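Novice: Chain by chain, the residues:
Number of protein chains: 4
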Amino acid sequence: MIKVGIVGGTGYTGVELLRILATHPEVEVAMITSRSEAGQPVADMYPNLRGYYDLAFTEPDEATLAQCDLVFFATPHGVAMRMVPGLIAAGTRVVDLSADFRIRDLDVWAKWYGMPHESAEWAGRAVYGLPEVFREQIREAQLVANPGCYPTAVQLGFLPLLESGLVNPAHLVADAKSGASGAGRQGKIGMLHGEIGESFKAYGASGHRHLPEIRQGLELAAGGRVGVTFVPHLLPMIRGIEATLYAEVRDPVSFDTLQGLFEKRYANEPFVDVMPFGAHPETRSVRGANHCRMALHRQEDSPVIIVSSVIDNLVKGAAGQAVQNMNIMFGLEETAGLAAPALLP
Amino acid sequence: MIKVGIVGGTGYTGVELLRILATHPEVEVAMITSRSEAGQPVADMYPNLRGYYDLAFTEPDEATLAQCDLVFFATPHGVAMRMVPGLIAAGTRVVDLSADFRIRDLDVWAKWYGMPHESAEWAGRAVYGLPEVFREQIREAQLVANPGCYPTAVQLGFLPLLESGLVNPAHLVADAKSGASGAGRQGKIGMLHGEIGESFKAYGASGHRHLPEIRQGLELAAGGRVGVTFVPHLLPMIRGIEATLYAEVRDPVSFDTLQGLFEKRYANEPFVDVMPFGAHPETRSVRGANHCRMALHRQEDSPVIIVSSVIDNLVKGAAGQAVQNMNIMFGLEETAGLAAPALLP
Amino acid sequence: MIKVGIVGGTGYTGVELLRILATHPEVEVAMITSRSEAGQPVADMYPNLRGYYDLAFTEPDEATLAQCDLVFFATPHGVAMRMVPGLIAAGTRVVDLSADFRIRDLDVWAKWYGMPHESAEWAGRAVYGLPEVFREQIREAQLVANPGCYPTAVQLGFLPLLESGLVNPAHLVADAKSGASGAGRQGKIGMLHGEIGESFKAYGASGHRHLPEIRQGLELAAGGRVGVTFVPHLLPMIRGIEATLYAEVRDPVSFDTLQGLFEKRYANEPFVDVMPFGAHPETRSVRGANHCRMALHRQEDSPVIIVSSVIDNLVKGAAGQAVQNMNIMFGLEETAGLAAPALLP
Amino acid sequence: MIKVGIVGGTGYTGVELLRILATHPEVEVAMITSRSEAGQPVADMYPNLRGYYDLAFTEPDEATLAQCDLVFFATPHGVAMRMVPGLIAAGTRVVDLSADFRIRDLDVWAKWYGMPHESAEWAGRAVYGLPEVFREQIREAQLVANPGCYPTAVQLGFLPLLESGLVNPAHLVADAKSGASGAGRQGKIGMLHGEIGESFKAYGASGHRHLPEIRQGLELAAGGRVGVTFVPHLLPMIRGIEATLYAEVRDPVSFDTLQGLFEKRYANEPFVDVMPFGAHPETRSVRGANHCRMALHRQEDSPVIIVSSVIDNLVKGAAGQAVQNMNIMFGLEETAGLAAPALLP
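Residue numbers (the working numbering), protein chains in the order written: chain F, 1 to 345; chain E, 346 to 690; chain P, 691 to 1035; chain Y, 1036 to 1380.
Next up, chain F with everything else stripped away, as it sits in the complex:
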């Protein structure tokens, strides 16, 4: 059994890790930390876990964490970058679900996250945990930077187009929509049911923290500069991200070519489902599951390729992808703990 610790377990990402790991055949959760809730049994805070865990939240304690085979960080940004170097030095491997190690350019990181980065060494050595791109590096990684939710949906949808060079990388648009759980579990007025229910809006349209992460990934795929506009929106629901992606082909290309390109790119991916040309993926088709489903569209006489890509922001967009990364790191079946279908309806 792999001995796992979770730092910062009171948020939605933390409870989602616990939910997934509850039935993982090869994992034992040894420790879950929370400064604010230390002493409280996790099943008191999350009654869906009654009968699954006797564990209580504890104060974060590096010595105990260091005895884990793997530590997940489900903390706000700025925490992992301080604790990770010590844990790795003590022999623990880490999957960081926060943003601390996702951005290579630390000036960019500092600008968007409002503080200087404190671990340039590990920012350089972290592997970006998108298995569809970095699977081999993840196997050996000491530290995996688990991707953001929007970046996962957007990158997976754009990758085949950019890697193939079929589209012009200068005019990409990613219009993305997320359920409210993406904002975390904090007592903010703007996230009340009375504020979000039965309403819809864009937010961060002048610039969102996930934009540099998206650009970094797309530029790697394109092998050069990309021009991408990313606008997130808030959905009156809990789980799910849909990203509608727009790109212009350089030269005329047939439906079959495009569809074939995507199917081939993801043929061996256990969690990416390319639906038939013209399908419309629904977020509920991935609710609670680690899948990303996508489909292609094109409008008459138009050079624009449209990709609709859906994930569950808490699963493939966070905790599920983290477990997928753990499975890869420890040589387990990649789908272990992640085998159940989505909850529909």
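Some hints could be false.
What the hints assert, rightly or not - Here are some chain Y residues pointing at chain P (derived, C-beta under 10 Å):
| id | residue |
| --- | --- |
| 1 | E1051 |
| 2 | N1083 |
| 3 | S1241 |
| 4 | N1303 |
| 5 | P1305 |
| 6 | D1308 |
| 7 | A1324 |
| 8 | H1326 |
| 9 | L1379 |
| 10 | P1380 |
Stated by the list, open to error - Using 20 Å as the maximum straight-line C-alpha spacing, the simulated DMTMM-like pairs for lysine to aspartate or glutamate come out as follows:
| id | chain 1 | residue 1 | chain 2 | residue 2 |
| --- | --- | --- | --- | --- |
| 11 | Y | K1223 | E | E382 |
| 12 | E | K456 | E | D406 |
| 13 | E | K533 | Y | D1096 |
| 14 | F | K3 | F | E26 |
| 15 | F | K188 | P | D991 |
| 16 | E | K456 | P | E990 |
| 17 | E | K456 | P | D991 |
| 18 | F | K3 | F | E28 |
| 19 | Y | K1146 | F | D301 |
| 20 | Y | K1038 | Y | E1175 |
| 21 | E | K609 | E | E645 |
| 22 | E | K348 | E | D450 |
| 23 | P | K878 | F | E37 |
| 24 | P | K801 | E | D646 |
| 25 | Y | K1146 | F | E300 |
| 26 | P | K878 | F | D44 |
| 27 | E | K348 | E | E485 |
| 28 | Y | K1223 | E | D389 |
| 29 | Y | K1146 | Y | E1156 |
Quick caveat, the hints were computed from the structure, so don't treat them as lab data. The model shown is predicted, which means the values in this text are computed figures rather than measured ones. Ideal Cβ placement from N, Cα and C applies to all residues, glycine included.
Given chain F's structure and the hints, the job is docking chains E, P and Y onto it.
Specialist: Just chains E, P and Y now, kept in the frame of chain F:
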């Protein structure tokens, strides 16, 4: 592997059976029937099942069904009562999720379901599939009548009070609320999102089909006549039933006695969770899971015991309980296929 | 024009007052106070009011408030009881939407609200603002205690039964459900969309602050002690309360008698709609409107009368009823500013 | 009083017309037709209208309709084009909320609506009912073609950019999202609460009927061909459209210039609200109201102008704009019947 057939698989109960059985370690779904959708792959109708099933819907064919070890009926009432006798004669066992075999008094059945019953023999031999009451009989049953969703939540909440004789059975009130999936997947205007979203109402308040089923179960528990008022309500959400139950104690009784009564009654039940006195069970704490959670309340200077009981109407209220019954019938681990925690948030 | 001030205008009750008063033909809102938002234009916080108000929130200032003809208090409990005596002494009339003056027995008030009452004089002189009972007293009142949301729905539904003596007052049950806006606009984790959406639960089942207010009103109607059990529930929606009420008739009584009783009781009430026997009122049928709709039910062979009563908790349950009371106090058309139908769908 | 008839009143657009006209000071609804519901009182179908209308649905009868000053068509496409010529000949004016007269090119119309057009004459003479563009022509119009919901939100957002020539018209993207009421009130499985709730998806991404209407309007504004990609999405809520619009500026332009351009364009429009640069309009800020609110955004170092535009699809996107058009046609105050603020929360 147990070979399973599903009759009437296009509704929410059918897809829920498929979702649960997709990861059941001992079951192979051999056949799923639908007259209207014959020929269509199930994963085309329910994209959450893409990658899990190659199966397509087929016309119902008794000869093929008879080769199954177990057949689930997820049909409207009136179908199972015609097909079941032949299937059982051919050696197949049956779990009927419809209402055909739940009511002992066939005059009552005929009145509420608007047609004469066509299988008095099997109505008499069917075992009512509430494992918390009839586990031993279910083991040997040829035919299990899977309980209704409301009756499951209401009976489990009232049972300890009635079995113990602590309350007056003449003045019971069951105020129950259900998500919209309980009404099935049919194109009715009254079930449109535009009609149900952001609104709430009672329905069937002058009499609902689940009332005689509830009364039958409560009278068995009480050992005599009960007076029960049952009012269902429609919630602007998809899954979940909450029943708030009101009963008056005959004599003063302490909190501890009441709590102990419930805890003892369900101590060995894998799917009934008695929460601490004063807790408020949330439907989300059982979403997608086969649990029933309940808690007790009492108001100052009042003889009224209040029980709040929650289930997922599609799981413990339908497909999950059906799989639990199958597990019992075939000597499997009772929790097989039903081990995952609820999806929260 | 009546010059109106609002104390505590940043919550949902405050914005609802502004929404209703925006088109009231006889009212000018002269002042709206908020300590925390002083200086901010109300239309910045509530963009639905852009173009309707130039007003900004100001620090509460008794001298300016005293120049108003009427002051609404939309404050947490404990504020109005301190400010009201001074304002009335200065000649201003008051409608208090908080709980400060609703309960006659100040020991009961102190127990449920956790502080001693500071204005016994005005607690005794306040008129309870349920126009269907106290219309004449409201006309002359200096101070109106606007009823709570649940108490409005529950009292209106029970009143004809208790006033007529048709039912046994010892065994009343009020099972009530409210949208999330009833909890106000504060950054509490428990009211996040991620916590409330797609879920349902009882709360306060062992005792809720609205219970003594309900009991006080029902006892007045019954002319003696009543035994009432009241359980509130939280709905995954924003606006609307439904209360399902249960009472037992003393002697057999016909449908027509019951229906006639209710129709006669409310024949001249502009905001109470008795629907035909057996109808099921929906909360959306009163969304944004000041109406209370109700209907009666009875189940076969049962002595229990069931009343389903719906209101919009922010309108008839708060701001709308407050404006109705103001209209009565100032001799205006009772429906002024409250004439628009509900927003359906 | 203007005597008004409504053809096809059972859908959401029909009830919304009734809701708005219920408090319109200058209008009397003389007739509302429905073949399927003839004889039923409108208040039985829509209980929010109890007490407002004694009217019942009637069979459509051209002779009676011809006695109205104005007839609204709230019918599926194909109905108005057959009835309108006769009504106009009889002296009645018409506002058609269906798509019959919106498209100038009747071959395009026939292709998207699947039938030949039957009134080329009136297709040529109809005035497109977007008051912000065609107010003067609407005053004198016999027939107004009321715009579609998406086209209203999209055109109002793009107009200032295209009219000014600031952006390149070849690469426009309109990513639009609508509440479920836009799909009407028909018993389709795909519009059930169980299918739509808690989920999100694109639809019609390969081509939607509103695309040619949008293109026609944008080309008129641009004075030439435009390349526009339009993808609609379905929101798990009832009312509201948000359109996020993307366009590239030809030459560098300052924030102030852009903001000033929009503010000047809509300075005298009673129902278009240009919010401050960087605001994020919420659909709830226009719920039940005839406003369109919009705001501009730009991301660092990007030539892309982002416009977020929100309307209530049933009001400014249908019935409200129809009443606005009626007000203009009859020389009434343009805001008559449309003066109330949006319902928030």
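Novice: Each of the hints needs a verdict: does it hold here or not?
Specialist: Verification of the supplied hints:
1. E1051: holds (9 Å)
2. N1083: Check passed: Cβ of N1083/Y comes within 4 Å of chain P, closer than 10 Å.
3. S1241: Violated, because the Cβ-Cβ distance from S1241/Y to chain P comes to roughly 29 Å (cut-off 10 Å).
4. N1303: Given a least distance of 13 Å, the restraint on N1303/Y is violated.
5. P1305: With a minimum Cβ separation of about 9 Å from chain P (threshold 10 Å), the hint on P1305/Y holds.
6. D1308: For D1308/Y, the interface hint holds, since the closest Cβ of chain P sits about 6 Å away, which is under 10 Å.
7. A1324: holds (7 Å)
8. H1326: Holds: closest Cβ of chain P sits about 8 Å from H1326/Y, inside 10 Å.
9. L1379: holds (4 Å)
10. P1380: Nearest chain P Cβ about 5 Å off; hint holds.
11. K1223/Y / E382/E: The given pair, whose Cα atoms are some 16 Å apart, holds under the 20 Å limit.
12. K456/E / D406/E: violated (30 Å)
13. K533/E / D1096/Y: violated (29 Å)
14. K3/F / E26/F: holds (9 Å)
15. K188/F / D991/P: violated (51 Å)
16. K456/E / E990/P: Holds, at roughly 13 Å.
17. K456/E / D991/P: Roughly 15 Å between the alpha carbons, so the hint for K456/E and D991/P holds.
18. K3/F / E28/F: Holds: K3/F and E28/F sit about 5 Å apart, inside 20 Å.
19. K1146/Y / D301/F: holds (15 Å)
20. K1038/Y / E1175/Y: Answer holds: K1038/Y to E1175/Y is near 18 Å, not above 20 Å.
21. K609/E / E645/E: violated (25 Å)
22. K348/E / D450/E: violated (33 Å)
23. K878/P / E37/F: holds (16 Å)
24. K801/P / D646/E: holds (15 Å)
25. K1146/Y / E300/F: It holds: about 13 Å lies between the C-alpha atoms, which stays within 20 Å.
26. K878/P / D44/F: holds (18 Å)
27. K348/E / E485/E: Cα-Cα ~18 Å, so holds.
28. K1223/Y / D389/E: Answer holds: K1223/Y to D389/E is near 18 Å, not above 20 Å.
29. K1146/Y / E1156/Y: OK: K1146/Y and E1156/Y at ~19 Å, within 20 Å.
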